[in-house]
Each structure stands twice: as structure tokens, then as C-alpha cells.
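If you read the sequences in order, they're chains A and B. Quick note on numbering: the working numbering labels position 231 of the first sequence as 231, and the sequence is numbered without any gaps. Quick note on numbering: the working numbering labels position 23 of the second sequence as 317, and the sequence is numbered without any gaps.
There could be a bad hint or two in this list.
Stated by the list, open to error - Straight line, CA to CA, 30 angstroms or less: simulated DSS-like cross-link-like pairs of lysine-lysine:
(1) LYS168/A to LYS328/B
(2) LYS328/B to LYS208/A
(3) LYS329/B to LYS78/A
(4) LYS337/B to LYS168/A
(5) LYS236/A to LYS329/B
(6) LYS329/B to LYS228/A
(7) LYS328/B to LYS30/A
(8) LYS46/A to LYS328/B
(9) LYS4/A to LYS115/A
(10) LYS82/A to LYS337/B
(11) LYS228/A to LYS337/B
(12) LYS328/B to LYS35/A
(13) LYS337/B to LYS140/A
(14) LYS168/A to LYS157/A
(15) LYS328/B to LYS236/A
(16) LYS165/A to LYS337/B
(17) LYS165/A to LYS208/A
(18) LYS157/A to LYS328/B
(19) LYS337/B to LYS46/A
(20) LYS35/A to LYS337/B
(21) LYS216/A to LYS46/A
(22) LYS329/B to LYS82/A
(23) LYS228/A to LYS328/B
(24) LYS19/A to LYS4/A
(25) LYS337/B to LYS236/A
(26) LYS216/A to LYS64/A
(27) LYS82/A to LYS4/A
(28) LYS157/A to LYS337/B
(29) LYS328/B to LYS159/A
(30) LYS329/B to LYS159/A
(31) LYS328/B to LYS82/A
(32) LYS98/A to LYS328/B
(33) LYS165/A to LYS328/B
(34) LYS95/A to LYS228/A
(35) LYS90/A to LYS115/A
(36) LYS46/A to LYS329/B
As the list claims (entries may be wrong) - For the chain B half of the interface with chain A, some residues (derived, Cβ under 8 angstroms), not all of them:
(37) VAL303
(38) VAL306
(39) HIS319
(40) LEU323
Since the hints were made in silico from the structure, they are not lab data. For every residue, glycine included, the Cβ atom is placed at its ideal position computed from N, Cα and C.
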Amino acid sequence: MIMKDIAQVIEDTAVGLLKLAATELPTEVKEVLIKSENTTEGALGKSQLHAINENVRIAESEIKPMCQDTGLVSFFVKVGDKFPLKSEIKTALIKATKRATEKVPLRPNAVDMFKGNTNNNVGIRGYVPWFYFDLVEGDKCEIIAMPKGGGSSNVGKMKMVPPGKGIKGVKEFVVEAVAAAGPLACPPYTVGVGVGGGEDMCMNLAKKALLRPLFKYHEDESIASIEKELLSILNKLEIGAMGLGEGPSVLDVHMEFAARHPASLPVGVVISCWALRHAGATIDKEGNVELHPH
Amino acid sequence: MHSTECFWVYEVEEFGPLTITIDTHGGNLTEESKKNIEANKEKILQEL
Ligand code: SF4
Chain A
1 MIMKDIAQVI
11 EDTAVGLLKL
21 AATELPTEVK
31 EVLIKSENTT
41 EGALGKSQLH
51 AINENVRIAE
61 SEIKPMCQDT
71 GLVSFFVKVG
81 DKFPLKSEIK
91 TALIKATKRA
101 TEKVPLRPNA
111 VDMFKGNTNN
121 NVGIRGYVPW
131 FYFDLVEGDK
141 CEIIAMPKGG
151 GSSNVGKMKM
161 VPPGKGIKGV
171 KEFVVEAVAA
181 AGPLACPPYT
191 VGVGVGGGED
201 MCMNLAKKAL
211 LRPLFKYHED
221 ESIASIEKEL
231 LSILNKLEIG
241 AMGLGEGPSV
251 LDVHMEFAAR
261 HPASLPVGVV
271 ISCWALRHAG
281 ATIDKEGNVE
291 LHPH
Chain B
295 MHSTECFWVY
305 EVEEFGPLTI
315 TIDTHGGNLT
325 EESKKNIEAN
335 KEKILQEL
């Protein structure tokens, strides 16, 4: 039997994931955008959603990025204890990012503050692409590529809410953050909210919340009901498609909670534009690749 | 001074229909929308 070069499998798979994420929206995102176009009454909102859907359709059929901003690249990786590679996963994903930049192509979005654009989406100081590593049981490695646009990242917000304000304070801040985003970041939005941990962890959780498929609510009923409540409240802002007041403002809201320090209540809000892009795959220890449903 | 991210030059056929968000008569759809969002926000926060 010929052993597969696992590092090469990871690299090739990640190039494919970056390409898939950039060119094709996850099914449920596509579906809800089409449904929104059909149910939006105002011509202004309908025309914006029509343009978005037409663009999504062409991007997918021509295998071209759906937006000129192909995002800052990050990877969510779960490594099984018995998976043969560890740090080489990182090396392979960095190589994949460079290759995908050429191949897809992705817009070069990694800018060094002093040396300028690296032209390959890889930072010269070691932090981009950004990795979220997790250690899990088993012998597999799960990789999710998430390229996130600059426009919608610009409207992300974090607040250390006074703990006395409790869950009402959390909701208030989410409303404020999404209202401040307003028309700025290509709505309809998907909103990720992270509560607890520390000032950095809440933002991590908020971003991770965006990976949960739309309309799949938190397994904890009390959290799920806040997600649904926020979804309905946020749509009363009437931001509308591309911020023109007609059609949905927010497609879905997902929340993740961590324990918090008694003296703090960190809340992170990470907002995705309509182009909620991510794609994942699981690789086993022999190098067999299984793409996640997309 | 505003800095510019990028310029695109297009040659197009069958351009439009388009939505004019800022016209030459002082109309600005985005500003109107922002005011509406702001007013809705105040209402939502009071009712929370
Ligand atoms: S906010 Fe999203 S859709 Fe808008 S330009 Fe940025 S990446 Fe593209």
C-alpha cells in the first residue's frame, strides 16, 4: 500500500476549502437569501437581494469569488490525539493559503503595517492566517476555512458590560452594535455573539458562533430562546438589504456562552455580511478526506 | 483628505437598472436609513 503524504493532503484540501468558501455560499445561506428576495415587498429591497442572488449564482457557476473582498483567512482546526501530524498542519495551511491566493484567486489581503501588502495572504509576522486550534479525541483532523471580509469585520464590537446589568445588558449591547453597523457592512447580516470568558475570548466565541449552520439554535433551550428573541428584535431595526430599509436586516443570531469572572461580563459581537463564507472537511489518519455538507 | 482603497474602470453594456442612493438634489437614502435605524434602536432599547 502506498502511504499518502498527509501534509500534502491537508494542503490540497485547504486550497479546495478556500476556493469553495470564496465561490459558493453554504446551502442554507443561499436558500434564505432567495427566500428573502421572494418575500421582500419593496422594490428597493427586492432589487438588492436580486443582485446579491444573481451574483451568488454567477460566482458558483463560473467558480469565481462572490465578492472582490475575499477576506482575511482564518482556520478552525480540531486535531485528534492520534492524528499523525501536529505542527505540520500549520505549515500545510500556510502553504495552502499562498497557493489559493494564486489559484482561486483570492485578493491579497494581508497587509503589513510597515512592509505593505505581502501579496499572498500570509502575514510576515506569523499571525495570518489566524488559527483556532482545538485538541480532541480520535485520529482525525477537522479543518474549517473561514475567510472574513474587512467591511463586516470593521463593525465588530466588544464591551465589558457591567455584570449587574445581566442578560438585559447583553441584549442592549447587541442591539447597539448591530444598529451601529447599520448599512455599513453589506446586510442582511448574520450575527455571532460571544458572552463570558475574557475580553479576547468573547470575540473568539462570537466568531465561532458564525460557523453554526443558520437556523440551528443553541442546544441549551434558554440560550436558544435568547437567540430567537434577538433575531426578531434586530429585524425591527429595519436596516434592510444593503442598508436601504427593505427586506431582512439579520438572517440569524447565534450565541456562545463561556463562564465569566464574577466581576466581568464580556460581550463580543462579530457580524458577517450576506457573504457568510466558510467550508470544512475532515481528514482521517490515512489521509482520506470527507468534505462537510456545504 | 480621504484615502482611496481602489479604483475600477469598467466598460459596460446594458448597464442597470440602478438604485441612486445619493442624488444631486440633496437626497441621500443611506442617511435616511441611518436615521430610521437610530430611531428604531431607541424604541427597541426602551422596550427591552
Ligand atoms: S462586507 Fe462582505 S459583501 Fe461587503 S464588500 Fe465586504 S466581504 Fe464583500
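Here is how each hint holds up against the structure:
This hinted pair checks out: LYS168/A and LYS328/B have alpha carbons roughly 24 angstroms apart, not beyond 30 angstroms. For a cut-off of 30 angstroms, the pair hint linking LYS328/B to LYS208/A stands: about 29 angstroms separates their Cα positions. A C-alpha spacing of about 44 angstroms is found between LYS329/B and LYS78/A, which places the hinted pair above 30 angstroms, so the restraint is violated. Between LYS337/B and LYS168/A the alpha-carbon distance is near 15 angstroms, which keeps this suggested pair within the 30 angstroms criterion.
Taken as a hint, the LYS236/A and LYS329/B pair is honoured in the structure, with Cα atoms around 14 angstroms apart against an allowance of 30 angstroms. For the proposed pair LYS329/B and LYS228/A, the alpha carbon gap of about 26 angstroms is at most 30 angstroms, so the pair holds. For a cut-off of 30 angstroms, the pair hint linking LYS328/B to LYS30/A stands: about 27 angstroms separates their Cα positions. Pair hint LYS46/A plus LYS328/B holds up; C-alpha atoms about 19 angstroms apart against a cutoff of 30 angstroms.
Proposed proximity of LYS4/A and LYS115/A is contradicted: the alpha carbons are some 38 angstroms apart, above 30 angstroms. This hinted pair does not check out: LYS82/A and LYS337/B have alpha carbons roughly 54 angstroms apart, beyond 30 angstroms. As the CA atoms of LYS228/A and LYS337/B are separated by approximately 19 angstroms, the hinted pair is consistent with the 30 angstroms bound. About 25 angstroms separates the Cα atoms of LYS328/B and LYS35/A, which keeps this hinted pair within 30 angstroms; it holds.
Using a Cα cut-off of 30 angstroms, the hinted pair LYS337/B and LYS140/A is violated, with the two alpha carbons roughly 50 angstroms apart. Taking the CA atoms of LYS168/A and LYS157/A, the gap is near 17 angstroms; set against the 30 angstroms cutoff, the hint holds. Straight-line distance between C-alpha atoms of LYS328/B and LYS236/A comes to about 13 angstroms, which keeps the hinted pair within the 30 angstroms bound. Taken as a hint, the LYS165/A and LYS337/B pair is honoured in the structure, with Cα atoms around 19 angstroms apart against an allowance of 30 angstroms.
For the hint linking LYS165/A to LYS208/A, the alpha-carbon distance of about 25 angstroms falls within 30 angstroms, and the restraint holds. At most 30 angstroms may separate the alpha-carbon atoms for a hinted pair to count; LYS157/A and LYS328/B meet this at roughly 18 angstroms. Distance hint between LYS337/B and LYS46/A is fulfilled; the C-alpha atoms sit about 26 angstroms from each other, no more than 30 angstroms. In summary, the hint linking LYS35/A to LYS337/B is supported, as the alpha carbons are separated by about 28 angstroms, within the 30 angstroms threshold.
Restraint check for LYS216/A and LYS46/A: satisfied, since their Cα atoms lie roughly 26 angstroms apart, inside the 30 angstroms limit. Between the alpha carbons of LYS329/B and LYS82/A the distance comes to roughly 56 angstroms, so the proposed pair goes past 30 angstroms and is violated. Proposed proximity of LYS228/A and LYS328/B is supported: the alpha carbons are some 24 angstroms apart, at most 30 angstroms. Straight-line distance between C-alpha atoms of LYS19/A and LYS4/A comes to about 23 angstroms, which keeps the hinted pair within the 30 angstroms bound.
Distance check on the hinted pair: LYS337/B and LYS236/A sit about 10 angstroms apart at the alpha-carbon level, within 30 angstroms; holds. Of the supplied pair hints, the one linking LYS216/A and LYS64/A holds, its CA atoms being roughly 28 angstroms apart against a limit of 30 angstroms. Note on LYS82/A and LYS4/A: the hinted pairing holds, with a Cα-Cα distance of about 16 angstroms set against a maximum of 30 angstroms. Pair hint LYS157/A plus LYS337/B holds up; C-alpha atoms about 21 angstroms apart against a cutoff of 30 angstroms.
With a C-alpha separation of about 22 angstroms, the suggested pair LYS328/B and LYS159/A falls inside the 30 angstroms cut-off, and the hint holds. Between LYS329/B and LYS159/A the CA atoms are separated by roughly 24 angstroms; this keeps the pair inside 30 angstroms, and the hint holds. Restraint check: the Cα-Cα separation between LYS328/B and LYS82/A comes to about 53 angstroms, which exceeds 30 angstroms; the hinted pair is violated. As the CA atoms of LYS98/A and LYS328/B are separated by approximately 39 angstroms, the hinted pair breaks the 30 angstroms bound.
The straight-line distance between the Cα atoms of LYS165/A and LYS328/B is roughly 27 angstroms, inside the 30 angstroms bound, and the hint therefore holds. Restraint check for LYS95/A and LYS228/A: not satisfied, since their Cα atoms lie roughly 40 angstroms apart, outside the 30 angstroms limit. Simply put, LYS90/A and LYS115/A have alpha-carbon atoms about 23 angstroms apart, close enough for the 30 angstroms limit, and the pair holds. Of the supplied pair hints, the one linking LYS46/A and LYS329/B holds, its CA atoms being roughly 21 angstroms apart against a limit of 30 angstroms.
Interface restraint check for VAL303/B: the shortest CB-CB distance to chain A comes to about 14 angstroms, outside 8 angstroms, so the restraint is violated. With 8 angstroms as the threshold, the beta carbon of VAL306/B stays out of range of chain A, its nearest partner Cβ sitting at about 14 angstroms, so the hint is violated. Annotation: interface hint on HIS319/B violated; nearest CB of chain A at approximately 18 angstroms, more than 8 angstroms. Residue-level restraint check for LEU323/B holds (minimum Cβ-Cβ distance to chain A is 6 angstroms; threshold 8 angstroms).
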